Each structure stands twice: as structure tokens, then as C-alpha cells.
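Let the hints inform the model, and build the full structure from the sequences given.
Just so you know, the protein sequences line up as chains A and X, in that order.
Here the first sequence stands for residues -11 to 322, numbered as in this note's numbering.
Here the second sequence stands for residues -11 to 322, numbered as in this note's numbering.
Hints are computed from structural coordinates only; laboratory data are not their basis.
Here the structure is a predicted model, which means the values were calculated and not measured.
Careful: at least some of the hints might be erroneous.
A pair holds if it fits inside one copy or across any two, identical chains being indistinguishable in the list.
[Claimed, not checked] Below, computed lysine-lysine pairings styled on PhoX-like, alpha-carbon distance capped at 25 Å: (1) K306 - K(-8); (2) K104 - K33; (3) K10 - K272; (4) K74 - K28; (5) K15 - K272; (6) K272 - K231; (7) K15 - K306; (8) K181 - K114; (9) K104 - K185.
There are 2 protein chains.
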Amino acid sequence: MKTKKIRVVHYGLGPIGIETAKYVLKKSNMEIVGAVDISKDMIGKDLGKILDLSDDLGVVVTDNARQLLSNVKADVVIHTAGSRIKGIFSQLEEIIESGSNIVSSAEELLFPLDEKSDAVQKLTKKALEKGVTVLGTGVNPGFVMDALPLFLTAVCQDVHEIHVERIVDAGTRRYPLQKKIGAGMTPEVFRAKVEEKALGHVGIEESLMLVARNVGFSLDEVQVTIDPVFAVKPVKTDYFDLKEGDIAGIKNVATGISGGRTMVLLDLRMYIGAEDPHDSISIKGNPPVTVRIEGGVAGDQATAAILVNSTPAVVDAKPGLVTVKDLPSPNFRI
Amino acid sequence: MKTKKIRVVHYGLGPIGIETAKYVLKKSNMEIVGAVDISKDMIGKDLGKILDLSDDLGVVVTDNARQLLSNVKADVVIHTAGSRIKGIFSQLEEIIESGSNIVSSAEELLFPLDEKSDAVQKLTKKALEKGVTVLGTGVNPGFVMDALPLFLTAVCQDVHEIHVERIVDAGTRRYPLQKKIGAGMTPEVFRAKVEEKALGHVGIEESLMLVARNVGFSLDEVQVTIDPVFAVKPVKTDYFDLKEGDIAGIKNVATGISGGRTMVLLDLRMYIGAEDPHDSISIKGNPPVTVRIEGGVAGDQATAAILVNSTPAVVDAKPGLVTVKDLPSPNFRI
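The following block contains the structure:
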């Protein structure tokens, strides 16, 4: 039986975009029909070169998304070119306009907090008009701190607190991430970067709200804190050489409170030299559920995997801005 | 905002049915409109009495499902009255005929292995005709050994083996379960019961096939073994008093093999005195994912929870015999 392949355009060829394109190449039910990036080094080159393949793919990187999309009639655009809705609004608008569905790694798309914002309303209206589905997903947000805890509550008759702890050894991750978490910064610089929102994990509040909204917790207050984690002993990576007491990374905690009680607590620590990295989820309820993911789900490979594995359901879904909770859950498929 | 409540009929008032009804009573978006059981002790009694409530519910237990269903116009029947499709065929047929959706704990409904059987074809045809959705789910099968492992593969770019281990301390479970697992039997009786298929966990093969089919493993062979687990020291429950060397329970293993390699291994051990009960899931792939559920998800409460928590999506779903993979994943909701 020959089924029609899903036609994919990659929008954004940073580390995640590249990893995603490599994975799509392995899928027999998908084909890459276009690639978009604004980097001068990439425009006009064959995607095969960007991916370090021995052969060209016959897909030339362009910065003209509008033209590409009107030519190729993609089923889905895998979008990995930004975190915040404001920053990617015009990109999304253009993609929707072309009639292509979207799977995006943009953290704010996981659960648009400000549903009434002009940007979200416009995107929703246009998506419905064009019959296009837009999904934001990833490992975090999108899985470890939201979709998986929600999934685990399926076996509960009552839930009164959800606590997720995610400890990532940033020393094993690529340079941008090690830098993003403030490693090696002075406390003053760290604090200033927090103030200007240049530090911290985008998406933690979205995860929290996705969980709270689906469980039905009505929160009075959401607190988000960002603090440094200090090296407890000297630690060296390819990029950083930290002494004891240096800033090794970040502790980013989101707390959802109702009637003075903590209902959802998401505790994310990403730092160089983290021992015993793991994800743990504790559902306090009836029955309680306590889950630990040894080593944690981390890395660009996992992010690329969930973006691509989510694609078939998005192509089939009803139009609009949807969340991971609106679709059948994704899984790996040969 | 007042939304219409989901009208529920409970079909089967064994331990799971009773637990399920108690949970439905707590849900503000559901109401119980009927209850069916064949037990002479229950027929004609108010469901409140069966559930040990102080007040009557105005719902009288009947053994005449056909009449009840034609009177009450239920949105969904929660069916907990059997394991095998053959045994419950006429019940399901009658429910579908009435136009009500079905959420069933029947293990064989998780993934009807023999899709071409007369029974499955008839049920499918009638469900489509009547616009009715039929789902089989539960904790196991339905969650620990199938839906959850599949969910975890969402972050994988490749999967070459899925291994689930579930260790249940049967000593903490109710009497029928302790008996069902062969505790206290002589080896001869145990073996004879295995031969006549009176021992073993119904559903392990269904879990295996649900996993394999969704991941896309094409299996050459499925092996299912059932062996006794012996007590390593004396152990006593409310119902059994076992010496060292007595049969304490069961080890039920399903293995899916392709090209001589194990692709899926489901290892279920339920025995009295099991130390360190847990569920563990190991996805061998890229990246690998290793998950442990401390204490395991066990107990009738969890089973009742997932049946009820799955109900809203079933009411909304497209008609036919569906699996847990066809619907948005359930979660607890206040």
C-alpha cells in the first residue's frame, strides 16, 4: 500500500531545526519539500550541505518563506525559529496564510497564556479560516513538566498537588544552552539578566498553566522565581571552567497557588555539574503516583523526536490553535 | 455556565463497578442514571445501598439492561462485567443497540486481537451504524504496560526494544485477585489451571499487540508464558498463610519477537509478599528512556479512575471500536 507522504518544510535551521530535518529524512512517510532560514551562510545552499550529508537533497535554503510556501504546498511546517509569540507572529501568520499546518517548538505556543492578546486572536481567526492546525510542543515545555504529569493523573480519582522536578546537567548540552543558564556569570550580571528576562526557561509558566487548566485547578497566584545555582566543587566543560562557588546554572521554579496552598510546583534546575540528573513527577492524590525518569529526558534529539512524532496527528487534527491535550498522544512509529 | 451532565449507566457491580460508581458520584459533570447487575442480592435494591451510602440514590439495580437503556438514554455505559469479548458479546450488542457509548474494563476490548472474528466485525458494524464509540481501557491493560510506554516513545527517534516490568504485591489486593494468581495452589493444580486458561492475566497479549502495532514492529512470533512464583519466606495475608516454597503467585510474560530478536517484553509478576513492588519501563532507543513508578500503579481505585477519566473523550469521539491511542489521552479533572 502506498500512502501519500507528509510534505514538510523546516522553518529555522538552528540546532533543533537541523536535528529535526535529519530525523524527518529517516521517516518513510515524510518528505522534506523546503527549508527556511535567515542566516546568510545558509541561504542558497542545499539542505544536504547544511546537514553535513554526502549528497544534496535538491532542497535549497531560502529566506523567502512566502514564495517557498506558495510553491511547495506543504502539509506541515516544522517551526523552530523562536520562543515568544510576538517575535514569531509574522512568521506564523505567513505560514497559516499559505494553508500549511504548523508544529512549533515556540515555548509560548504550548499554551498561549494571553488568549485575549491581539496576536493570539488574529492567529486563531486565520487558522480557522484557512483550516490550519497550529501546535506548540517539545520536551520542555510539551512533555516532561506538563503532558506527562497530566497523563499520569489519568489513574487518579483525586489530585491535590502536582510536583515536577527536573535536574539537567547542562555540562552535557550544547554551548548556547550552557550560556543561556548563566554559567560563569557574576551574581550581579546574573541578576541583571534575570531582570531583563534574558535568563530563565521560557515556557515554565505555560507548562504550569496547561497542567492547572486541564486538572481544573483555579489558581489565585502564579509565582515564578529564577535563582543561581552555585558550583559545589570545581567543574570543567568544553566551554566553562568553574571554581567552587561560581554560578553553574539556574534554578527556575514556577508555583501555582490556590487558597494559600501550593497546587502545582515545577522545579527546573539546569546547571553544569549537576549530579544525578533526572526528571521526577509526584502526583499527590488518590492513589498517589510517583515517577522517576532516570537521567531525565534531555537533549536536542528528544526535542526533534517529539516535534516530528507529533506531526501526523497535527495534519489530521481540527483547525485552530490546539494544545498537546487536544490531540491523540504522539508516539514513535517506524 | 451550566453544561449538560454526562448520563452514566453502570453495567456490572463487582468490586470495580462499585468503585467506579462511587467515583462517578463525586464528579460534578456526570450523573448516574442506571445500574445493571445479575446478582439476585442486588436486583431491585437502590444503588445507594449497594455502595453503602447513607442515602438512596433513586437508582434501582436491574438485570434488564435492554429496558433500562431504552428508558434512560445514557450517554455512556461503564461496563465492568467481563474480560473476554465472547463472554460479553450480547451485553455489548444490547448497549450499542440502545445508542449509548461504552467504556469497558474488558481486557480483550483494549485491542481486539482477532479483528476478523464474527463478534468483532458485528460490534464494529453496529457501532458505526448507531454512531456509538466503544473503548476498552484500564490500568493493565490500558495504561502501565501499553499506553504509558507508547507515550514515552514520543521523545524517541528510534526504538528497538520496549521492556516493561510490573511487580504487584498481591497480598495488598482483594481476595479474588489473590486467588486468581494461584496463591496456595499445589504445582499440579497450578499447571492444570494454566492449561485450562483459568490462571494468568487476561490482556497481556492485547497490551503487547497494541504497543507493537503502534510502534510499527511487525512481529514474527508472540510467546506468552505463565509460571508460578514461589514464596522465599513464610508470608501471611488475610486469606493465605504461605510457607517458604509454596506458590505465592504468578509470573506472566509476553514476548514479541521479530527476526529472532525480542522487540517487546512485558513481564508481569503478581504474588503475595512481593518486595519492592513497582512498574518500570525501559525504552531502548535513541534517546533511551527509563522510567520507574515507585510502588506501581495498582488497585481498584486506579482502575475506576481511568475508566471514569476516559469517559468525556469517549462521548466526544468518532464512532466505532476505538483504542486508547485513538483518543486524546485522559487526565484527572476536578
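*Which hint numbers does the structure go against, in order from smallest to largest?*
Violated: hints 2, 6 and 8.
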